[in-house]
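Undergrad: Protein sequences appear in the order of chains A and B.
Here this note's numbering is used: position 201 in the first sequence is 201, and no number is missing along the way.
Every number in this note's numbering is 256 more than the matching position in the second sequence, counting from 1.
For the record, the hints were derived by calculation from the structure and aren't laboratory data.
Fair warning: this is a prediction, and the values are worked out from it, not measured in the lab.
Built from N, CA and C at the ideal position, the CB exists for glycine as well.
Do not rely on the hints blindly, as some may be mistaken.
Simulated restraints, written as ranges between beta carbons of each label pair [claimed, not checked]: (1) D350/B - R8/A: 21 to 27 Å; (2) I355/B - G138/A: 33 to 39 Å; (3) R480/B - Q204/A: 20 to 26 Å; (4) Q204/A - A351/B: 27 to 33 Å; (5) F298/B - N39/A: 26 to 32 Å; (6) N39/A - A351/B: 52 to 58 Å; (7) S24/A - A351/B: 37 to 43 Å.
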Amino acid sequence: MKPIVQFRNVTLGYGRSPVISNVSFDIYAGEFFGLVGPNGAGKTTILRAILGALKPLAGDVTIQSIHQQPLCFGHVPQRDTIVEILPYTVEEVVIMGRYRRIGFLRRPGHADREIARASLAHTEIEDLRNSHFSDLSGGQKQRVLIARALAMKPDVLILDEPTNGMDLSSRAAILSLIDTLHSTNKLTVVMVSHLLDDVANHVQRLALVERDFFQVDAVGNILTGENLSTLYQRPVSVEHIHGNTFIRAEKRHGTA
Amino acid sequence: MALHDILMTLLQDFPLALFGSMLVGALCGFLGVYVVAKRIVFFGAVLTQISVLGLAVSFLPFVAMSHTLTSLSLTLAFALVVARLLAGKTFPQDAVLGIAFVTAIALRMLILQVTPTVEVAEIEHLLRGDILFVSPELFFPMLATSVLVMAFHLLFFKEFQYISFDAETARTQGFKASVWEMFFFGTTGAVIALATHMVGDIFVFGFLVVPPFAAMLMTRHVRRIFLLAMLIGVSAPAVGLFLAFLLDLPSSPASIAVASLVLIAAWLTHLIRHR
């Protein structure tokens, strides 16, 4: 299988300070790829490099074309990067996903509205079309942002901490939606999370990310107690029960 | 003075004051929606002070540029440098703006103290601007700038909206967020510099904040917020000037008071509607 994203000996950082050094990995068309690590490990930095928003300090990031067209990424950012003071409706937010394709000096047309509505239907929030984005729950906002990413007609869906700050039910619903988009729509999905449970039972391949630790492999090979204990610097156990993976941080001796 | 007489006096003797303040009110109302939405209200206050500092600098004996050009150059340079600093996230936003604010005021006072040739009161008058004494030399550059800035913002309305709502995703879609931010700070800086010289810092800052916030309380439709902010920006100075003549009040504070009354009415209506 041909990789669509290639990292070769890449060092990433801001200014001259490296956040993550000398990483190499590939992402393949059609796969569900996860990036997991503690807060501040550099996961979002890697995403920004994939998206072309951050140039590497060293090494090469290669993004392949599909059918002679540049790869299109549908980005779902962390919700706290959005400025919600102006009361945009859900439909207005989703149509923003069309702005790049619409181009300068042109307004969204009928076709763009149809695509936005289809994206809303895809994420099962058609009924929220005229609601205000700022009035929605965390789970609903996440669906709107996924719908906006789908309106970009992406080859790759990139999600940054999509379940952050959600209750159990909303988390399960969002992960199920992402699973459906991957399996039914054949979208390549790259998901970043600091919540191991979220990615362990959904992605096919996983990168464990920390400043001095970077490892990529199939989920079954990489999610071992040894790897996770090294990553989180505390005892971690991994259990597989009825096809599901359960991860638990053990108590340290002598700690509460 | 009869109401008709006041209207005729305003239209015949102070047309540039009337139309100039309405122009600045509308433009500040429009740009102020972004200023409030981007949570950079303090930035607006700082720009007005930098603009006043620019006017003060133009009184220094070794500065050969005109008052307007000096103020415009300094304000634009500051807006673009600070936009760059704030985008980098290396420096805390409040600290950068706070330092700029207090430094601008201190420098202005020092410059006034050491300027030998002109009466301090005369300079202070110029620095503070005065709606009633808007000259054609100030009005027409302001009019031309307003037309250009509005045309630019309307042509690229969706890009400015996207960047102010979600710069991160816009950037990943190929929009150069830093360039659009520069355009925003540049156009806002130019308007603030010219407007401050024409109608004063209090008026400009007041109309950057009050009409947009009142509009946000009145409607939950983004385009209508921009329209309402401009409408309040146009009408409040007209009513303010009228009241200033009628009640013998200073014109800038009267205009801001009218806009603030609209804001209070909008807030009360908002409270009643959401009880």
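Undergrad: Please flag the earlier hints that this structure goes against, numbers listed from lowest up.
TA: Checked against the structure, the hints that fail are numbers 1, 3, 4, 6, while the rest are satisfied.
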